[in-house]
Amino acid sequence: MKHVIIGNSTAAVGCVEGIRRVNRTDDIVLIADESHHTYARPLISYLLAGKTDKERMKYRKDDFYEVNGVTSLLGKTAVSIDPAKNTVTLDSGEAVGYDNLLVATGASPVFFPAEGLAQVKPAHTFTTLDDADALLKCVRESTRVLIVGAGLIGLKCAEGLRARTTHVAVVDLAPIVLSSMLKPAPAEIMQAHLEQNGVELHLGTSVKAFRPDEARHGAYFAELQNGESLGFDVLVYAAGVRANIQLVKDAGGACGRGITVDAFGQTSLPQVYAAGDCTESTDVCTGQRKVMALLPNAYMQGEAAGMHMAAAGAPLPCQPLGLIPENAIGFFGKHILSAGVYFEDGADGIYEDFDGGSYRCFYYDKTAQRLRGYILMDCPQRAGIYTALIRNGTQLPEEQFLQLRREPGLIAFPSQARIDILRKKEVAQ
Amino acid sequence: MRKIFVREEWCLGCHLCEYHCANANLGNGDMAKALKGRRINPRITVEDDGRICFAVSCRHCTEPDCKKSCISGAISVVDGVVQVDQDKCVGCYTCILACPYGTIQPNAEGHVVQKCELCLQNGCEPACVSHCPNRAIIYEQEGVSA
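Chains as they are written, first to last, in this note's numbering: chain S, 1 to 429; chain W, 1 to 146.
Just so you know, these hints were derived from the structure itself, not from any lab.
Being a predicted model, the structure only gives us computed values, none of them experimental.
One or more hints might be untrue.
[Claimed, not checked] Quick list of in silico lysine-lysine cross-link-like pairs, PhoX-like style, CA-CA up to 25 Å:
{"#": "1", "chain 1": "S", "residue 1": "Lys-121", "chain 2": "S", "residue 2": "Lys-137"}
{"#": "2", "chain 1": "W", "residue 1": "Lys-3", "chain 2": "S", "residue 2": "Lys-425"}
{"#": "3", "chain 1": "W", "residue 1": "Lys-67", "chain 2": "S", "residue 2": "Lys-51"}
{"#": "4", "chain 1": "W", "residue 1": "Lys-67", "chain 2": "S", "residue 2": "Lys-54"}
{"#": "5", "chain 1": "S", "residue 1": "Lys-58", "chain 2": "W", "residue 2": "Lys-67"}
{"#": "6", "chain 1": "W", "residue 1": "Lys-67", "chain 2": "S", "residue 2": "Lys-424"}
{"#": "7", "chain 1": "W", "residue 1": "Lys-67", "chain 2": "S", "residue 2": "Lys-61"}
{"#": "8", "chain 1": "S", "residue 1": "Lys-334", "chain 2": "W", "residue 2": "Lys-67"}
{"#": "9", "chain 1": "S", "residue 1": "Lys-51", "chain 2": "S", "residue 2": "Lys-137"}
[Said to hold, decoys possible] Each pair of labels, with its calculated beta carbon distance range:
{"#": "10", "chain 1": "S", "residue 1": "Lys-249", "chain 2": "W", "residue 2": "Gly-27", "range": "54 to 64 Å"}
{"#": "11", "chain 1": "S", "residue 1": "Val-110", "chain 2": "W", "residue 2": "Lys-36", "range": "50 to 60 Å"}
{"#": "12", "chain 1": "W", "residue 1": "Thr-62", "chain 2": "S", "residue 2": "Gly-50", "range": "35 to 45 Å"}
{"#": "13", "chain 1": "W", "residue 1": "Gln-141", "chain 2": "S", "residue 2": "Pro-122", "range": "53 to 63 Å"}
[What the hints assert, rightly or not] Per the computed footprint, the stretches of chain S lying under chain W, defined by three or more beta-carbons under 8 Å from a beta-carbon of chain W, are:
{"#": "14", "segment": "380–393"}
{"#": "15", "segment": "408–414"}
By construction, the Cβ of each residue, glycine as well, lies at the ideal position given by its N, Cα and C atoms.
In isolation and in its complexed conformation, chain W is listed as follows (with noise of 0.2 Å):
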């Protein structure tokens, strides 16, 4: 399968990933009208100290801590995709505290928890990766050269 990697030497720190996460999981319409003046809530985090930078989302684990966790069975893996049921989700964060990388977050509301799930809901290829500005998010196949 197709995951996303992080190239820590060509991030900038721009975090447009982060937008175009917010964006795209809200449906993918007009940016600015959409996140302007808001607290946007990403599936993936910039992570920058001012000397370091790089993003982080979901590395879909063949051995998921968050999928063992899960206390209602929410979290499935198909396809190699860690993915929330966000029906069954009562949030109550327990993925939250078993993410070695915290890539789990609540929703806006906080009644569930959301997670990338590679944009496949979003009917796109992850917004993340086609809207880094420098390629320093990358969507290829597991351990294979490009």
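Just chain S, with the same shape it has in the complex (with noise of 0.2 Å):
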């Protein structure tokens, strides 16, 4: 049997992990465009402020693809798939076989079309070691950067660059940050902390035109529509990323947004999984399909698919997975931990506390008597207690969920449920 991977980033090492588990000789090609060894994506914020190095945000150990018996096909791109083939073609020309494949293509950075913004050059993005590695050329310490997004992308870039110069502006439509993550309250709260660190945001306003500036050789203007002018040196485009469905796609496989995945990872072509950021699922809190490009998905979506690839049809010991929304998040040492939906504005079981410079969030439905979702803003003391209850979609009774509210705990689980979990099973020999 032989399993193609397109990808070499958090899914594609999940798939990989997956195949070893059930699997230790079948062939495994991994396909991908970057020449990096498998790096820790998220790392390359903490990368610009120097808080973690190349060898450091390596995803797994050098020796990764020898011990796990793959071969790497690195700095390759894989440009279409033929189902009715089964064949990778690569840009090379070469057409690589496959019995089962996972494209696990990841997001790329989407332009929204601004007047003169072909004139900036170069527009950075960041999303790649490459990106971080060519803001890390051009950013001095008087560098002005101006950074358009002020969701996770474009503040966490905005952190790591702080680190290294003092002129570092954030622009964003939103009238708050991270408006797909938080409510108004603690974006509040996050906005105060940002511009307490030197980050200047302009919110509720977007570029309308870029031009440069005159005066000064490689340096721009951006005219906002609020009417404010900016002047930057180095721009970066942090305003959303898109799925990479083009090759399924292309291929006749069903996309949405995402590619989309049943709870194994199996996309409707045969033999062909996706998984990660490319993808569409149900979030099993809601029911709902979505894209949740977020990197727990991403590991657990690609071991699935990879355990089911090798199993080859036989029954496997592991549960369809229940992914949901889940994100931890920080920016200069404040921390946001949050899962499942809260954005039920107006519902009956929005809870709210503020306590200090934490701030907390629960969404009980009490008709259901579930936790849906939770935000927790400096204080993550133990939050994966309530992510488990929302994944699990645990009954909890109103009584239980208030105690849970004040502190999580596993004193508020019925006494045989702690057992299971603290108790060691004897097996009957």
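Once you've looked at the hints, go ahead and assemble the two chains, each given alone in its own frame, into the complex.
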């Protein structure tokens, strides 16, 4: 059996490890357009900040491919899939045959058109190690950086670059930072924290036009919709990403905003799986299909797909994936953990607590007696207890929820559940 | 492999496991000198509501959500022991978000995480086990009667 993987990041590594949990001898070929050893992609902002280096940010050890019997074709781009012939064609023209294929092509930054954008050279993006390297080369202490996008990528980039320059400005059309993740109240706390740490925020507006600064070579102005004009030397576009679905779409596979996959990563094409940021799958806490481009999901999807690919139809000792949105992110030492859904404004069962600088929000569905989601700011302690309740759809009587809201703990669980977790299970001889 | 198990019915809620854990991870010196007057940051947690009490630390899961969720590849399983490479960890707390038992913590400075690694790095038997006065915390082979 020959497994081919397109991609070399979290989902691809999960797939390799999933295959090897089931089978030690099948052939694995890994194709990636980036030529780097597998690296921890979210760590590129920590690289900018000098908090890690290229050696430590390797996602797996140097001998990963060798130990796992992976033939790696790095620096090669897959340009098409032929699902009738079971082949992947590379940019070199070479065709690679497969019995099973995993597409883990990730997502790419999108550029929203703005007048004069083409004149800004280069317009940086911030999703790869090469992107980080390019910024490291051109950002000095006096460099004025303009970042378009106050989402996760834009703000992590801003944090990383603040370690290198005092001039970092961020523009976003949304009136709050992290608008896809936060409600307004915690967003305000985070906004103040970012500003205290020297990030200049321009929210609720966007760039109308870019124009060169006639007085300074290599410098530009961004004219904002609100009338302001911002001078800058380096531009980073972090206004969102789009799932890389083209290979599967061109091959006739079902796609929405991401490649459509089932709970084991199978696409609509036979023997073709997909995992990670390029996919759209079911959020088990709402039943909705969505792109959940978050690292834990990418690994779990890749691993599950790998196990299925290697099992070739044999039953597996694993459950279908219970994917939910879940994210941990921090800026300048202030951490936000979130999972599930919590945007049901006005819905019965939204509980918000402010305590000093910390903030907690829970969405407890009283009718179904289930925890649906949470946001925790600066109180990460034992958050995974909440995450598991959401992921597993655990029935949670209100009294138990109120106890857990005060403090996460296993103590709120029924006695038998605690015993199952904590006690040794004797195996009958 | 041997793992730590907890027998809730024997726990007195004395919190000695937390102190001995903190002390073992600070080098096993004089506990009073090391911890007196300091806020400890142990890798085991005693839960106590006045009626029920028990200790909880890493279960060393065979399907560790923390390892799968780690954004930097800092968490690995070595001979069944779930370990954090603090040199690779960037302190993003995704593992804290993922651990269903709440057994991973920020370290004292908050820059990286820490968890129970069975005192293997401390060169001793798990300190929480050896100092539990009531044998409410035990260190035994999984699934085999003692």
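These are the hints, each one checked on the structure:
1. Lys-121(S) <-> Lys-137(S): holds, 14 Å
2. Lys-3(W) <-> Lys-425(S): Measuring from Cα to Cα gives roughly 11 Å; hence the hint holds.
3. Lys-67(W) <-> Lys-51(S): holds, 21 Å
4. Lys-67(W) <-> Lys-54(S): holds, 20 Å
5. Lys-58(S) <-> Lys-67(W): holds, 15 Å
6. Lys-67(W) <-> Lys-424(S): The given pair, whose Cα atoms are some 22 Å apart, holds under the 25 Å limit.
7. Lys-67(W) <-> Lys-61(S): holds, 15 Å
8. Lys-334(S) <-> Lys-67(W): holds, 23 Å
9. Lys-51(S) <-> Lys-137(S): holds, 17 Å
10. Lys-249(S) <-> Gly-27(W): 54 to 64 Å: holds, 58 Å
11. Val-110(S) <-> Lys-36(W): 50 to 60 Å: Cβ of Val-110(S) to Cβ of Lys-36(W): about 57 Å, so the range 50 to 60 Å holds.
12. Thr-62(W) <-> Gly-50(S): 35 to 45 Å: Holds - the Cβ-Cβ distance for Thr-62(W) and Gly-50(S), about 37 Å, lies within 35 to 45 Å.
13. Gln-141(W) <-> Pro-122(S): 53 to 63 Å: holds, 59 Å
14. 380–393: holds (count 8)
15. 408–414: holds (count 4)
Comparing the model with each numbered hint stated earlier shows that all of them hold.
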